[in-house]
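Participant: As a plain string of letters, each chain reads:
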Amino acid sequence: MKHLGTIIGTAIAGIFVMSVWGAFAEAYGIGGGWFAGLIIIGTMWFLNHAVGIINNDGAFVDMAAGIGMAGTMRDVFLHGGEAFTSSLPTLIVVLLGGITGGFAAVKLEQYLAKKEAKEEKAEA
Amino acid sequence: MTFQNMVATFSGAFIFPFLIRMLWGKMCESWGNIGGWVAAGFIVGTAWTLNHGVGMMFQTGGAWIDMAWAAGIGLFVASVASGDSLSKGLSNYFFALVGGTLGGFILSCFM
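For the protein sequence lines, the chains are A and B, in the order given. When we follow the numbering used here, the leftmost residue of the first sequence carries the number -16, and every step to the right adds one. When we follow the numbering used here, the leftmost residue of the second sequence carries the number 324, and every step to the right adds one.
Because the hints were derived from the structure by calculation, they are not lab data. All values reported here derive from a predicted model rather than from experimental measurement. A few of these clues could be false.
Reference listing, derived: stretches of chain B covered by chain A, where coverage requires no fewer than 3 residues with Cβ under 8 Å from a Cβ of chain A [claimed, not checked]:
#: 1; segment: 330 to 338
#: 2; segment: 360 to 368
#: 3; segment: 380 to 387
#: 4; segment: 394 to 406
#: 5; segment: 416 to 423
Glycine included, each C-beta is placed from N, C-alpha and C at the ideal position.
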């Protein structure tokens, strides 16, 4: 049951992002794309992470993992495996950038927490 | 993919999970669930305008690589680095990818 929630939640989020978002951007330009982020991610975040149908009893799995997969697999189902191999360089660079960004954020988070604790100690 | 494309794509992928990890939790802490909606607009919406709206992320091929890939892996790595369980997380990550594949298949049925 817990994994069923993850599958349904990421599938729905992926379907919305990879169809409706582009339509908003096409119809209203860059403002439409921004607005699509607000309504789609807002609602899907509420479902997946606030209500919480994605099972998260370990290292945090964001709905984004499923959303990225949905966009890529949509094109693989439509155009075949060659579409995937031609996109592989982008995917690799994007994953490396994401890993670096997440890691840097944690390091800064830990630094800030340490600094705050030190300041509190100094005040007390 | 030129060197310039790689630098831009890498940087765009760095920025997105970085902003989410640094800001999203604080917004929810300050404003409750409404903070999640604020974050959706001001983090995801704004990062979208950068990465896909003006095109910081270069696409080499026929399958769309969304900035969501960066957020998914970046937030996962961040969580592992801060001490959460990798093995439990990996099985959940796997099922998220299964859900994404299902979503992608359903999309291919009508697009």
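Participant: Give a verdict on every hint.
Facilitator: Hint check results:
no.: 1; hint: 330 to 338; in the structure: holds (count 7)
no.: 2; hint: 360 to 368; in the structure: holds (count 6)
no.: 3; hint: 380 to 387; in the structure: holds (count 8)
no.: 4; hint: 394 to 406; in the structure: holds (count 12)
no.: 5; hint: 416 to 423; in the structure: holds (count 7)
Checked against the numbered hints above, the structure breaks none of them.
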